[in-house]
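> So you can see what is in the structure, the chains are spelled out below.
Protein chains: 2
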Amino acid sequence: MPLTIFVTFIRQQYVHMEKNSRRTFNTMLAKGIGATALAAHLPLSCAMGNNQKKKKLGIALVGLGSYSTYQLAPALQDTRHCYLAGIVTGTAAKEKIWANRYNIPQENIYNYENFDTIADNDAIDVVYVVLPNSMHAEFSVRAAEAGKHVICEKPMAMNVAECDAIIDACNKAGVKLGMGYRLHSEPYTQEVKRFVREKTFGDVLYVSADAAYRSTGNPNQWRLNRKLSGGGALMNMGVYAIQSAIYSTGENPVSVTAQEFSTRPAYFKDTDETITAQFEFASGAVANMMTSHNVRANRLYASCVNGWFELDPASTYIPLAGRTSRGELDFPQESQQKLQMDDFASHVLYGTPKLAPGEMGKRDMIIVEAIYKSIAEGGKKQQMNFEPKYGFGG
Amino acid sequence: MPLTIFVTFIRQQYVHMEKNSRRTFNTMLAKGIGATALAAHLPLSCAMGNNQKKKKLGIALVGLGSYSTYQLAPALQDTRHCYLAGIVTGTAAKEKIWANRYNIPQENIYNYENFDTIADNDAIDVVYVVLPNSMHAEFSVRAAEAGKHVICEKPMAMNVAECDAIIDACNKAGVKLGMGYRLHSEPYTQEVKRFVREKTFGDVLYVSADAAYRSTGNPNQWRLNRKLSGGGALMNMGVYAIQSAIYSTGENPVSVTAQEFSTRPAYFKDTDETITAQFEFASGAVANMMTSHNVRANRLYASCVNGWFELDPASTYIPLAGRTSRGELDFPQESQQKLQMDDFASHVLYGTPKLAPGEMGKRDMIIVEAIYKSIAEGGKKQQMNFEPKYGFGG
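From first to last, the protein sequence lines are chains H and Z. The end of the first sequence is residue 394 by UniProt numbering, with every number in the run present. The end of the second sequence is residue 394 by UniProt numbering, with every number in the run present.
These aren't lab readings, by the way, just hints derived from the structure by calculation. Heads up, a few of these hints could be off.
Pairs involving identical chains hold if they fit within one copy or between any two copies, as the list cannot separate such chains.
[As the list claims (entries may be wrong)] Listed below are the simulated DSSO-like cross-link pairs for lysine-lysine, each with C-alpha atoms no more than 30 Å apart in a straight line:
no., residue 1, residue 2
1, Lys199, Lys269
2, Lys54, Lys96
3, Lys193, Lys381
4, Lys56, Lys227
5, Lys172, Lys56
Keep in mind it's a predicted model, so treat the numbers as computed, not measured.
Just chain H, same shape as in the assembly (with noise of 0.2 Å):
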């Protein structure tokens, strides 16, 4: 297109990119750095011409595990703004069964060592990474660097300074990061943001958040693997009641101390069994968290100044349910993956919220980190320091 429209439809699309983005696109326009370059550098809702956009996004997953295999790409089938369009897998005969199930062309599917080529393949818009939190960075890196957009699962990844690294490569490739935080999307999470938000039953004074669940499966399980997972029921449940807590709350906590429990040392013998933690809020409010890999328990419940609100369960792939002082909760179901996965999508598409920036796994990294350094140091209090939305999504 000629350069002046052109101009005209990257000013409309500069409202809708990242910040980062937006800082590099002010340099490149300061040194002058003609239209090609910059439409090069520009996310792919900007590099797209409004009559070009793409309808629906091509998404790659990355790790063909059972989430990838009974959610997501099941979720796939009936998301509006993006679908299944290939698959990056380790595993050499995932790659025929995927094909063939879900009609994925040879030329979309990948391995672990040629996944970078991905970076030619103008049909993989999105690639959302599904593997053992120890590969989370490596891929969401490698992704971003091939001009792709991210999901990357929880937990963001092994410690605070992957999750930096990569929320570096994606801020440096100009591409979008979210969490696979799927709750942000989910009904009930939403009304219980909305109640915070509007204070429905006035200032959140205490959230009591549990997730768990009793593992008996095999002991060698990637989850049970310190060196693959970085850590038991706190990397993988916990993140849930924190992130309850958090929203519950609608702030980030100032402070955290914590305890361990340990009952099956033999079946538990490399990564942590049950860990409760409390928080305390700038506003006052105080939260009080159990995660556990050995005990079944999934709820959040808020007690406020004028009543109080509870989902129970609260972070499951099943149905949510949920009542408050004023009575039961009754939202339609539809599948968490799939209004997850369109809204990002639609971030990417059309500039709607983001709803769980990367900036938000990497704050539940550092309380990660705070519970375990309060543990070590027999219970003692964590003090915390992030900007009050710090991570908060639109």
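Mind docking chain Z on chain H? Use the hints.
Just chain Z now, with coordinates in the frame of chain H:
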């Protein structure tokens, strides 16, 4: 009655006597003390012949605050094994009101000064101490010394030493001592105890126990005055959470860690506001509790190997409600206080099991002190060394 018949009678009654009474009784027998002296020493149920046995025990309420006024006195209109026979009050104006409302004869009305003359009043069999915590020990001991059976409201006293004084006084006087723990007579709670006893859902692995309400009334109320209460939320509501943790596991804890939170120090200037605590049990079970005078929460939840059970509310006067992994619980609703006082009276009259012995109150106070100590030591784990069934009732 002739001595031979009397001796036969007291042999029949012997099995129902308190252990200490039996010991004293044996000593008296060994010393050749006569039947009249023996009879004088026997507890009420023994000292009366079967055909003379009272149908209903006379209860005197000591302290006519809101709990006596709105819970105990109304309940005593419906009790089968006891009735409201007398009152003890420090407020002269209440004497006539209560006398008229409940048809209490003048000779059954006492104040704190002449209380000890209750020893001469055969119409009063049981003294129920419903005073501020700071007065529990004094009046429980004076009641025992007056030869009356004692029901002591929760928390048992200001500290463990006072609990010992009450227990010793009752043992010495050969009178029965029970705690005002109404929930042990309440059907949902009894069902929970049955689940634990019969392992209905397998071994209990985890208990979440919250007992809290939001106090916004007169900041000078006795519960917020340490000299009268001995402590804040933990002494008041915390005892319910401790109780929940114990009857939901069927065990006494072997360790405790605890944390304190203060968000309205101007209001809670003298007593603890919000406390979280974690218990370990010998079986490996873990409990996580919260108590507060600043927030509303009232629930027990237990995760077991083969399912779960939950009461919510778990300790209110209003009807409890419950559900399990197998469905809803549904029990008929009756006054908890009525059931409680009838159970105690039935224990005195007929030797039915004592559901909440004084040792239970003492055990809970040992745990309260351990929680305060853990808080004072920055959350340090406190080991506890109870006999496995110390404090458990029948």
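> Take the hints in turn and mark each one as holding or not.
Hint check:
In this assembly of identical chains, the alpha carbons of lysine 199 and lysine 269 lie at most 30 Å apart only when taken from different copies (27 Å versus 44 Å within one copy). In this assembly of identical chains, the alpha carbons of lysine 54 and lysine 96 lie at most 30 Å apart only when taken from the same copy (27 Å versus 86 Å across copies). In this homomeric assembly, lysine 193 and lysine 381 come within 30 Å of each other (Cα to Cα) only inside a single copy, at 27 Å, whereas the closest approach across copies is 36 Å. In this homomeric assembly, lysine 56 and lysine 227 never come within 30 Å of each other (Cα to Cα): the closest approach is 37 Å inside a single copy and 69 Å across copies.
For the homomeric pair lysine 172 and lysine 56, the shortest alpha-carbon distance inside one copy (25 Å) is at most 30 Å, but the shortest distance between copies (84 Å) is not.
Violated hint: 4 only; the structure is consistent with all others.
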